[in-house]
Each structure stands twice: as C-alpha cells, then as structure tokens.
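Take these sequences, add in the hints, and give me the full structure.
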Amino acid sequence: MFDPSTETIERDDFCSLAPIGWLHHKMQDSFFLVVGTHSCQGFLQTALGVMIFAKPRFATAVLDEDDLSGRDTLEAVQPLVEAIVAEHRPAAIFLGSTCTPEILKMNVAGCAKPLEALTGVRMYPCRLDGFDPAYTQGEDHVLAAMIERCPTTDAQNIVILGCLSAIEEAEMRLECAAMGLPEPAFLPAESALDLPPIGPNTVLAAVHPYLYGSVSYAQRERGCAIHQTVFPYGPDGTRAFFETLAAAFGKTISYAERERAAWTSCERDVAVLRGRSVSFVSDTLLELPLARTLRAAGMTVKAVGTPNIYRKFHARERAALEGIDVYERPDRFEMFARLDANRPDLVVANLNIANALEGQGFNVKWATELTFQPVHGFNGAPALLGMFAASMRRHDALARTRDRSQTAATPIDLSFFREPARA
Amino acid sequence: MLKIAVYGKGGIGKSTFSSNLSAAFGRAGKKTIQVGCDPKHDSTFTLTGNLIPTVVEVLSGCKFKTDEIERDEIIFKGKFGVDCVEAGGPPAGAGCGGYVVGETVKLLEKFGVYKDYEVMIFDVLGDVVCGGFSAPLQHSEQVIIVATNDFDSIFAANRIATAIGIKQKTGGGTLAGLVANRASNAELVGPYAARIGSSVLTVIPENDGVRKSRLTAQTVFEQDPTGFIGGPWTNLAQRLLAGVPLVVPTPIPERELFSQLGADYVRAADIPAPAMAV
Chain A
1 MFDPSTETIE RDDFCSLAPI GWLHHKMQDS FFLVVGTHSC QGFLQTALGV
51 MIFAKPRFAT AVLDEDDLSG RDTLEAVQPL VEAIVAEHRP AAIFLGSTCT
101 PEILKMNVAG CAKPLEALTG VRMYPCRLDG FDPAYTQGED HVLAAMIERC
151 PTTDAQNIVI LGCLSAIEEA EMRLECAAMG LPEPAFLPAE SALDLPPIGP
201 NTVLAAVHPY LYGSVSYAQR ERGCAIHQTV FPYGPDGTRA FFETLAAAFG
251 KTISYAERER AAWTSCERDV AVLRGRSVSF VSDTLLELPL ARTLRAAGMT
301 VKAVGTPNIY RKFHARERAA LEGIDVYERP DRFEMFARLD ANRPDLVVAN
351 LNIANALEGQ GFNVKWATEL TFQPVHGFNG APALLGMFAA SMRRHDALAR
401 TRDRSQTAAT PIDLSFFREP ARA
Chain B
1 MLKIAVYGKG GIGKSTFSSN LSAAFGRAGK KTIQVGCDPK HDSTFTLTGN
51 LIPTVVEVLS GCKFKTDEIE RDEIIFKGKF GVDCVEAGGP PAGAGCGGYV
101 VGETVKLLEK FGVYKDYEVM IFDVLGDVVC GGFSAPLQHS EQVIIVATND
151 FDSIFAANRI ATAIGIKQKT GGGTLAGLVA NRASNAELVG PYAARIGSSV
201 LTVIPENDGV RKSRLTAQTV FEQDPTGFIG GPWTNLAQRL LAGVPLVVPT
251 PIPERELFSQ LGADYVRAAD IPAPAMAV
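Residue numbers (the numbering used here), protein chains in the order written: chain A, 1 to 423; chain B, 1 to 278.
Derived from the structure by calculation, the hints contain no laboratory data. Treat each hint with caution, since some may be false.
[Stated by the list, open to error] Below are the PhoX-like pairs computed for lysine-lysine, each with C-alpha atoms no more than 20 Å apart in a straight line:
#1 B:K63 - B:K106
#2 B:K31 - B:K169
#3 B:K115 - B:K77
#4 A:K113 - B:K169
#5 B:K79 - B:K30
#6 B:K77 - A:K312
#7 B:K106 - A:K113
#8 B:K63 - B:K30
#9 A:K312 - B:K65
#10 B:K30 - A:K312
#11 B:K3 - B:K115
#12 B:K3 - B:K30
#13 B:K169 - B:K3
#14 B:K65 - B:K110
#15 B:K31 - B:K77
[As the list claims (entries may be wrong)] A short, non-exhaustive set of chain B residues, derived as facing chain A with CB atoms under 7 Å:
#16 G93
#17 G95
#18 Y99
#19 G102
#20 G131
#21 G132
#22 T170
#23 P251
A quick note: this is a predicted structure, and the numbers were derived from the prediction, not measured. Built from N, CA and C at the ideal position, the CB exists for glycine as well.
If you want it as structure tokens, here you go:
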C-alpha cells in the first residue's frame, strides 16, 4: 500500500525543458513551442539566455485562466502555430506539454496531427515536464517523438541515438568506416526532418544513459533490440562502445591500443585525479558512466547516487561499477551523511547544491556543463577529464592560498535541511 | 479491434453493464480486456471475484518507476477469459483521480494493450468531470452512454455527448449509441438519442437478479446460467461485433434540454414504446 512516510525528496533541480537548449541548437530548422505557464517561459528565457543566438527558435504558449477552465486546446494553440510558421518558417515544430497541461490532461499531443494537416509543417508532440527522474530526459521524449515518424527498414543499419556535436559525429563516422561497418545515421541530425530508417535489424546505439524511453519505444514499435553497451564517455567507455558496435555485426575488433593512446594523451589531467576520491550526487543520470571512467582514470569512487537505473539498458555500466556503492534515488539526508563520513576530494553535483557543499568545504564539479560540451568519444576524452581535473586544480590552488585548509573537516549542519519536529 | 468506452451518470449501472458486456464478449470467444477507470476501483469485481490491486497501488509500491512494472502486476485474468485492469485513484477528498486515470491509460499503451485484444472496454466513472477522465476517449473508437428514462441521466448524457464532440477533433472516439438501463422501454432515452443524431442500442430491464449478481460478485451469466437475464448483453455483443454506425453527436443546449425533457415526459404518456434502432 502507498506509504507516504517513505517518500524522499528525489530531485530538486530544474525540469525537462532544459534540453531544449541543446536540441534547438542542434536542429537548426526546428522550433520548440511549449504549452505552459509564464514560469516555464521565464525558465526557458533565462536558461537559454546563456547562449547567444541571433533569433530564438523557442516560445511558450502561456496558459491563462480560460485555458485552465476548459478552453479547447487546439483552438487556443492554432493561431500561435500559424504565426510561428509565418514568421520563422521552421521545418518542424516540437509541441511540448509541461506540468500544468500534463496534470490537467489537456490533450496537447492530440493537437499535433490536426495542426500538421492545417499548416503542412511537421509537428512532433513531446512531454517536457518536471516529472522525469532527471531533466536530461527531455531529450528522451523529443527523440521518441521523432522515432515515431522514422521510416522503417529491414536492413541492419546503424543509428546513433543522442544529441552529438559535429566533431563527435565525425569520429563515429570515421571509426565505423575503419571497422568496415555500415555508415551510421544520426538522430537527431542537423535537420529536424532528417529521420533515419529504424527497423527490427537496426542497431540503435544510444550514446547517452538517459535515453531509455526512446530506446524502449523503438523496441516496442519497431522491434529492434535494446543495444546493450557501455556509453562512449572516457577512453575506456569509448573503447567498449566501438568494440560492442563491431560485435553487433559479428566482428571482433580490439580498441585496446586506441584506449591506451587516449589515456596517454590525457595524462596531464589524469595525474591530477589519480588517487583522489569522488562521490556523485544523484542528478543528471550521467552518473554511472562518469563514475566508471573516473575510476578507470585512477580515482576512488566512494558513492554513486543516480536517479534511475534501468535494468537492461544500464546493465553493462552497472556491471562495470562492481564493488562500488551505487544508490538509486538516494535519500537526501542519508546522502549528506555519507558525504560527511566519506569526505571525498571531489563531489559531482548540480549547481543548486554546489554552493552549499562548497561552503562545507567540499570541492564540487557542476555536472550540467557536460550536457553542453562535446565529451563523447576519444576526441572528447580530454575535454571530459579536463573538466574534472580543472575543478581539482582550482580547488588545490585555492587551498594553497588560504590560511586554513579548505578540506578541514566541517561537520555538515543538517538542521537547515530538516523540518522542525512536529509538536 | 473493438475499442469501447462506457460513460454515463454516476450510479446508472455502467460497471454492471460493462462487466456483463465483457462477459458476453468473452463467452463469444473474443479476447477481451476491461479497464476500470474509477478511483472506486469497483468495475471488474464480478469478473475476478475480488477487488484486484489497482494500477496506482502497484505504481506507489515501486515509487512510480513505470519501467519496473510487469504486465501481470496490473492485468488480471477474470472469468470467461476476460482480462481486467483497475486504474484506482486517490482516496476520496484527496489528490486528482483524473490524473491517475490519464496516466493509467498511457501506461497501458506502453504495454501494447491496445493492440493485443479483440475487444477493449473502458468503464469510466460518473460524468466526464475533467481532462483525465476523458482520456479513455482518446484510445477508444466507440462510446456507449448508459442512461435511463429520467432527467438526471439524460442531462448527464448530454454533457458526455458534448465532450465526445470536442474530443473527436483530436482523434477521440465517437458515439455508438445509448443504452436504456433498468428500464422497460426507451420512452425518454429514445427521443433524446434521436435528437442528438444517435440511437438506442438496447433496453435492459430492471431485474433483481442483476442486483443480486453484484452482491455475490458474479456476472449475470453465473447468476442465471440459462442466459435469459444476460440476453440483452449477449445480443448487444453480437451487434457490436457486426458493426454499428458511429456518429459525432450534436448535443442539445442545456437549458433547451431542460424544457424538452419535461415535454417528452408528458408526451410519453400518450405514445406507445418508441421504436429502437434495429
């Protein structure tokens, strides 16, 4: 039975609107129209305002009282879509439903078909709300909406799933060619209309650990198997990713030498990390592969918190973390207690908690930055490891210039986070 | 595949009607699933013999991680081969039942339920009160409204007809017809149905055997193995399988309906039992 006393605060970061940032940047002919409150628009404006662009290709259809008391959603959204089409001429519009329409069960997704018929512009309906375990899963919903429109095929083709930069894509293409594999297609591509065929024999290789929804959707609807792999973060992850990809085509190819070379090229940063300890606060769903590669870099991983572990999809990552304490949706207070007990040299957490932890003497790396940087593959490994190393170097430099050590043990005062005991 | 949603005024007999209709389809050899969309979770108990675990109970048990749920945790086998699901919902006075129903309907889509069966019946509570409770309309093709020859159930039917008109623009199901329940004729339901462009599918007479069947957690086919009491459901199942015309109803403006129903009642005293659509 439902027991409210076991509820924990599972996440306290921003919502799945955030991926609009990197997705609208990737798909140059896309427009993101979100149905939500003025706060949704405020968040989008603020968060995406950190990127400088000529013309924003996102907007919010702001709900008012009439919408909440039953105005027809299609009637309300239609003139907005027509105005967007006239002004921006997008190839596709991503129609996002947020918390309010989701709870009220306003049928935003149902407007996609009639709007597409009306305007001739491709409409992709997707959920971008605060209910996902991690905000990165906004991309998951967008990709699932795109997979629905992909043509089908019987060929054993490769589709790389997940938003990557041009550099990361180039590496994928090069390696597939070198391995004698079919040329990979990418989803998302630079055009929102560029949809690769996906069928029962497709090797759908996800590059992000937060894409379980679209991978399982493809499995259900198109019949392609869930490609079990380690994700291409870090030299070790990239090696395993390419070797697994080759194995899907019956080829045994070793990337051991490439991995060794990649580690060597990152040695300056690895040296700063080696022997230090790290803990992960549950945040982006990137925790499993990041913990794996930092351990491979020689760090001691004290504890890993992550919002969701998908049994099949994360199987290889989970196996690679054998011997490390992994917590799924950890209780916040217990997590603070663990941090206090372990005092890791580095904590990977979200920005909202970073200052509080820094104030307690921890060295914090903000993980959100990884969603905006090209960190995949061998090409991305220096950037990935470099980010953590830079954090460590900065912390060490500050420690040297301060009178007292930054890492002097300061017990965490948890009273701030606890509710006062009820009378 | 028959995808049916049953709506109607609260207490009019939707769950009784739905579970006996499911039983009739099951007895006709059709692979059937009934989805109870009501926080009271009392839609399917005559088919399963007990109150099965609800979807929201199971979800709460695994912290709402929908990926962790197996089909057989929420879909239960009932009599006559009918599979049963209860959405459940929050206790009275709390939460949002519509949200739970809406989420359940989406979850069942993930399990591929909408492709696996020959007949699917959504039994939806009371009047259409909000977005969530109209979610089953998105996944059904035909709607049956249960009413009787009184003011309240027809007034409620009219509101449901309005919702059908709105929802069909975004792919919702349309009206198969009305059922006059606990009635000896369709003297008010019939004219109303005709006025909105639809028809009466069947008239189900008041029968104490039906009441007893609910108290003993049995369908009418077990209560009366001769099949006599179950006749209307058996026949209706056959009609639905053969195909009935679906219409987008034109609801009557409410204040106009209010006065018309009164006039109908007076007129009914003079005319014989109106013809049902055959």
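Hint-by-hint comparison with the structure:
no.: 1; hint: B:K63 - B:K106; verdict: 17 Å, holds
no.: 2; hint: B:K31 - B:K169; verdict: 29 Å, violated
no.: 3; hint: B:K115 - B:K77; verdict: 17 Å, holds
no.: 4; hint: A:K113 - B:K169; verdict: 10 Å, holds
no.: 5; hint: B:K79 - B:K30; verdict: 13 Å, holds
no.: 6; hint: B:K77 - A:K312; verdict: 28 Å, violated
no.: 7; hint: B:K106 - A:K113; verdict: 18 Å, holds
no.: 8; hint: B:K63 - B:K30; verdict: 35 Å, violated
no.: 9; hint: A:K312 - B:K65; verdict: 14 Å, holds
no.: 10; hint: B:K30 - A:K312; verdict: 34 Å, violated
no.: 11; hint: B:K3 - B:K115; verdict: 10 Å, holds
no.: 12; hint: B:K3 - B:K30; verdict: 13 Å, holds
no.: 13; hint: B:K169 - B:K3; verdict: 17 Å, holds
no.: 14; hint: B:K65 - B:K110; verdict: 13 Å, holds
no.: 15; hint: B:K31 - B:K77; verdict: 11 Å, holds
no.: 16; hint: G93; verdict: 15 Å, violated
no.: 17; hint: G95; verdict: 10 Å, violated
no.: 18; hint: Y99; verdict: 6 Å, holds
no.: 19; hint: G102; verdict: 4 Å, holds
no.: 20; hint: G131; verdict: 3 Å, holds
no.: 21; hint: G132; verdict: 4 Å, holds
no.: 22; hint: T170; verdict: 3 Å, holds
no.: 23; hint: P251; verdict: 15 Å, violated
This entry does not satisfy hints 2, 6, 8, 10, 16, 17 and 23, going by the numbered hints stated previously.
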